[in-house]
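Colleague: Next come the chains, spelled out residue by residue.
Protein chains: 2
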Amino acid sequence: MLRPWELALSIQRDGELPIHLQIAQSIIDEIQRGRLPPGTPLPGTRELAERLAVNRKTAVLAYDELIAQGWLRTQGRRGTFVAPELLANVGAASPHARDETPLVEASYRLYGAPWQQEAPSQPGTIEFSDGVPDSRLIPFDVLGRAYRRALIATARANRLAYGDPRGERPLREALAAMLGMERGLSADADNICVVRGSQMGIYLAARLLVRPGDHVALDALTYPRARETFRAAGAHTLSIAQDEWGMLPDDLERQCRQQRIQAVYLTPHHQFPTTVMMPVERRMRLLALAEQYGFAIVEDDYDHEFHFSHRPMFPLASVDRGGKVLYVGSLSKVLAPGLRVGYIVGSKDLIDRCAAEILLIDRQGNAVTELAVAELMHSGELKRHIRRALRVYEARRQHFAELIESALSPFASFNMPEGGLAFWLKLDPRLDIARLERDARAEGVRIKSSSRFADDGLAVHGLRLGFGNLTPEELTTGIERLRRALLKQSPL
Amino acid sequence: MLRPWELALSIQRDGELPIHLQIAQSIIDEIQRGRLPPGTPLPGTRELAERLAVNRKTAVLAYDELIAQGWLRTQGRRGTFVAPELLANVGAASPHARDETPLVEASYRLYGAPWQQEAPSQPGTIEFSDGVPDSRLIPFDVLGRAYRRALIATARANRLAYGDPRGERPLREALAAMLGMERGLSADADNICVVRGSQMGIYLAARLLVRPGDHVALDALTYPRARETFRAAGAHTLSIAQDEWGMLPDDLERQCRQQRIQAVYLTPHHQFPTTVMMPVERRMRLLALAEQYGFAIVEDDYDHEFHFSHRPMFPLASVDRGGKVLYVGSLSKVLAPGLRVGYIVGSKDLIDRCAAEILLIDRQGNAVTELAVAELMHSGELKRHIRRALRVYEARRQHFAELIESALSPFASFNMPEGGLAFWLKLDPRLDIARLERDARAEGVRIKSSSRFADDGLAVHGLRLGFGNLTPEELTTGIERLRRALLKQSPL
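First to last, the protein sequences are chains F and W.
Residues in the first sequence are numbered consecutively from 1, following the working numbering.
Residues in the second sequence are numbered consecutively from 1, following the working numbering.
None of these hints come from the bench; they were simulated from the model.
Wrong hints could be hidden among the right ones.
When chains are identical, the list treats them as one kind, so a pair holds in a single copy or across two.
[As the list claims (entries may be wrong)] Simulated crosslink set (DSBU-like; lysine-lysine; CA at most 30 Å straight-line): (1) 426 with 488; (2) 383 with 57; (3) 348 with 448.
Start from the sequences, fold in the hints, and give me the full structure.
Modeller: Right, dumping it as structure tokens:
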């Protein structure tokens, strides 16, 4: 027979549920624990209400819920009973109570490493990114209207149902035109697959090019998440030696002779993290090696637009003869990372394979965002925004260079980056960088850990400091604090 | 020496490029083909302009481009030359011309099946979906404003940089509250990971639960893309026998005795494709089996909100004692698939593993969409919309039932679906369904192929017809056309 104090007990527990659902829930508990066997008569709603000191209507609602769900059965005058057909299963479930178990225990095998959440910074901390843009600069008013128009137009036309996994056609066409006009890439809409930021482009490249055991080569210092992504696909990653102009083709060739290399991941336009642009002769050599050794090149051109010196150099993909380059681009840096719009450029065959993968991964992208961005490209707003943003970033870059020059020169040297939203500081090798990161934090400035750039165990004597998302004042404060952190390791 | 007619030739090719970039491109071609060796003097810009019948400024721009990129070197008075440092690499690339090769040849190994694009329908074709909503019903005006506010707020606060891979906190909190109030799920924001539609939820479940060679069981008739997703993760998929109430626990237990089953994928609320709701006693039995044989349950509750009879039954996850259920939900059906907002509910440990996967797959979701949806949930707009939409869908469901009853009764029988946006028609087994699909198309109505629901080779004598996204008029026309297609297979 029902013991009301247990109900009362369990009702205290679950603050989120409305009271009648809490009652229903706790009765389900009793049934599952076998303490209310099938056929057990339940107290009338008035009695239950009194026992639990709740409104009678609440008790009625609770029983209705349980009857609707099939837990209870009402037999008119005779009253309400635990449903007899539950007989077979009662008590089969484990006896411990709900609140003792998490919603989903990892009692079955669970794969993948858990995510480590970064400890939040103190308020007022200056966060040096690894080169993110300042979304305060985006034309949010224009974009907002474009969003609204895209939403209304698509919704009215019932076009917000499932669409093309390669992305909304207007955006693919706008991208094809832009790539042709500005980057010398001859691609049409069928050569383009819209993805959720360049990270998804890298992920798809890994899925399409790599099988467990394959070898993939990356710069010795590279974008850490790219290395992780190829490893997660089962690849053995190799490191290509670098000098101040980026990767050394001779070292790549040496490694090609040692084993079959399936793919090479590179950021030729603004090397990540060192910011240098790959010289044309190395580009030629790289393409020749791709021909000779049959590897694919994944060209990650994550912030092509932000180039300060001369017009940006054409991507490898635009001078690729052998069809070896898979080109990954992004609009996240140009607009805002939170919008998640990137793209892959490749042969129709490759793009169709991307589409097949996307159908399983996330089906398609966000149609409203894609159409809003397409409108900004067609209207020329995007180009105007890029020009405006470039002027701001160029000023910040100049200011940042002077700050570093004056405040950090004893510890760090740098070359002015030709493009991108970050500087690469070469640090005095006697500095303990792990300690620097801790000291910086204590001073109220946060820097991205350099060890992430290198393959396991390789020491890094450099620092990538993003300047794009910070105002001149924030940059000044940040460098001041970094200087104080560095001084703790004097005398140098 | 440069042969101008070749330049002229290649310049015809590339309609997308501005003329000066076409010239630059074709000179790069000549250099790469070894027909303009390093050190070769180029004609002056005036001469080049005359030869090519272009404006001289265009010729100057072309040379500037090539000099900037390092292909050419200018030596003041002496003129312009092919850069000598290219020596090492000239001619290394394959000799065939640009236009003969696709942008990216699959000359390296390419994995994954290419995507087959569906042939587009004739205009005026009635498309029966497998149960998508009508995005014409969504409160696009309210949502549009919410989008704009979210965009402006986040952009101004520079909050559109990279965020939490689990999704924007306000959305996770709104989801936790909703799941507690309406589905008896006690989850907080740390038990929830926002994903891009329920498909991504299934994809992540497969990544986290399955290793190549594991066994995963699904209903004999199920959501085809779920089966594909688990297979793509390397799982052997097993089929669980079904009766008119859904999967048979006895058959699942029989298979559990034969081999270790790692996970079971189910749609208990509205079985896909047959629409039936799993009875409570089978739910109990299923959970008991999960305890006993240690398999995980992936509960795909893709359209929980659209339930017509009584209040929807609590999900399995809400009565899960042993922590075996990984719950996948979606807002795509409630709002619009094109918005791509879904979620996974599980233990913090599982959610943290999801986050780690997401960092490699697409980094994070679309912050603007997530915040806009969160606002609709907080303001109650979402609930109001669901109530409005339910009334519309219920009327269409009633209308559709009468249509089928009157027009298709000789060929098909059905049970009124208690929920969801589709009917399941049991068809006369003598009907050739493949032929029916062809005949239907000829009549101007398109139906989703039933063979996709079944595991390879299993014959299906049913048809899933979505009614939600079609107006009463469209439903009437569609069923009349379907009737005509069916009549072609008379006499039955």
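Colleague: Now, for every hint given, state plainly whether the structure supports it.
Modeller: We went through each hint and held it up to the structure:
no.: 1; hint: 426 with 488; result: within (18 Å within a copy, 78 Å between copies)
no.: 2; hint: 383 with 57; result: between (63 Å within a copy, 23 Å between copies)
no.: 3; hint: 348 with 448; result: between (38 Å within a copy, 26 Å between copies)
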